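Visitor: All chains, please: the whole structure from these sequences, using the hints.
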Amino acid sequence: MITVEVEGRVFQVEEGTTLGDILKMAGIEGAIGGKVNGKIYDLQTPVRSSAQIIPIYKNQPESLEIMRHSLAHIMAQALKEIYGKDKVHLGVGPTTEEGFYYDVEIEGVRLSEDDLPKIEEKMREIIQKNYPILRREISREEAKRLFENLKEKYKLEIIERISPDDVISVYEQNDFVDLCRGPHIPSTGMAGAFKLTHISGAYWMGDAKRPMLQRIHGIAFWDHKDLEERLKFYEEAKKRDHRRLGRELEMFLIDETVGPGLVLWLPKGGTYRKVLEDYWREEHEKRGYQFVYTPHIGNARLWEISGHLDYYKPNMFPPMQVEQEEYFVKPMNCPFHIAIYKSKVRSYKELPIKLAELGTVYRYEMSGVLHGLMRVRGFTQDDAHIICTAEQVEDVIHETLEFAISMLRDFGFREFKVYISTKPPDAIGSQEQWEIAENSLKRAVESMNLNYEIDEGGGAFYGPKIDVKIKDAIGRLWQCSTIQFDFNLPERFDMTYVGPDNKRHRPYMIHRALLGSIERFTGVLLEHYAGALPVWLSPVQVRIIPVSEKHLPYSKELEMRLRSEGLRVETDDRQERLGAKIRDAELQKIPYVLVVGDREVQEGKVSVRSKKEGDLGSMELEDFIKHIKEKIKNKAP
RNA sequence: GCUGGCGUAGCUCAGUUGGCAGAGCGCGGGAUUUGUAAUCCCGCGGUCGUGGGUUCAAGUCCCACCGCCAGCUCCA
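All the letters of the first sequence, read from the start, carry residue numbers 6 to 642 under my numbering.
In short, the hints are calculated from the structure, not lab data.
From a predicted model like this one, the values you see are computed outputs, not experimental measurements.
All the given hints hold, so there is nothing to weed out.
Restraint-style ranges between C-beta atoms, simulated for each label pair:
1) G13 <-> N135: 32 to 42 Å
2) D400 <-> L592: 43 to 53 Å
3) G35 <-> K243: 30 to 40 Å
4) L592 <-> A478: 14 to 24 Å
Beta carbons are placed, not taken as given, at the ideal position from N, Cα and C, and that holds for glycine.
Guide: Set out below in structure tokens:
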């Protein structure tokens, strides 16, 4: 007998009683599954030891996971029915954040997106038939026999990987059997609303040397309403695509003849970028950073010392030969900053030293991963290296994290997720170094009340780090800031400082970027704001629209006046109708439009239309200047 | 890099079984003098991604390469 606790009540049941029977005993109805000591079980799974049980109902996210998992099976069954049992070989079919996928190999068939409706149709049939989904626990030998007979070569491989202590279970619906740990809904009829979205390739076991399977992706929810909402979200994301916005707003360009992954900043993008970089420099100046500039290429010897040629070479552009020496285009700025640090003997009195640079680096990324501004081959890191003593580490980390969050807030982000990655097994550096570093990271995050997760053992071999992700307007997370200890480079370059004891000591080095890269961050910003950048960042802040040609002189006067106030202004002097000019300003997402006609000329006023708030009516020019300057100062959206 | 899909005017796209390259927007010229999301007319604009091949004939079929997209993998 085992003891189970359900909703505060305690029961004695036979060991191996299914969760469903236990819940029934407790008088609980409508549960999809349950959490048994924190693990999600379905109703058919036997409970083998005393446990705390929390039922899972449809309105809880965990129930979705159960249902989506079953949909993956239903899809697999549909594929087998359409393409033949022997032809379809199943890989893995897990759930995702919003649905499920299944990796399959179908002999002689290349699926295309046109095949999806047919598969969906078959899935609906299976759901309609409402087959019971039955769990069966079988021995390893039986499992092997079963999947050998089914010609499921990938499943056999999975069986090999299942640890001997684990129970092997299969789930059956009608004549379909799948190796699966579960959990599942009790019958196919309970499946919710779903849609197959796309097909892609995926290596078996994520290994490029193994065969590539076809991955069929689907999304699923209990309600059609939620499904529709999700589909709308995709449309919304598509509307916000920075690649489209970048072209429409004339921000940037990636030109095939220049090269893939290499960004050309157009004048509008250039103006925006200058504002961003000026702001960035000011903020760094306030916090005692010193600015440095370093070359784009460096001698191979430098990259040998840094170790990049050992472990980073595949990501570097091939070398160029100059006067019998090899040079590499830089993939990182650190070795240069270190050379600057080492240019003289450093005293503990001048630490921490904070060297900052908007350093443009080049990395040879595989062609398949390039993506607009988000993933490119040449980009500018908002980079800095902080060199300090052990005693200073904690303050430095605290200050840096605070800096990162404050800067991201200025750009309009309000939600952050922080990840701390700790010591991996193959790490270098002393235990003491790691402890000081990791503790400082944890304390900084805790003192700032930030929501964080620890990725145990997820750090680089050369040091622990903090990554900050931001949540954008439609809930997507983007990694921006990273604060990374480096115990490797100070050793390799023999960096030292002279301590109060007049001896040489090894400093701590921290590599950090707040925005990540200017390119990527710009992509994120564009998507976050759907192209309508806050006034302070907008390349054009005000567009003046004369109602007719005769108002052009007054418009030009206004333009000069606003320009002298430091605002970015242009006048639409085209021979177009007012409506057309308003529309174009709107499409260009210009924050403020000033309409100038007879009334405004006579009264010396301006008629203000804000992108955010619509027609604000007539205003004294001075009042408008005050208004817009306030928005700029506050970095209002 | 790998798998699949796609490359037609500056942009968005149409182009049937192989048979004279099209539209809208944009751009140039003209008319209009406009009050809060598209005024009208005319015109310029393409070696159909590049290079081979099949064919009387290729945007269309075949091959290779380049680029883009969805993923895998990787990552700022």
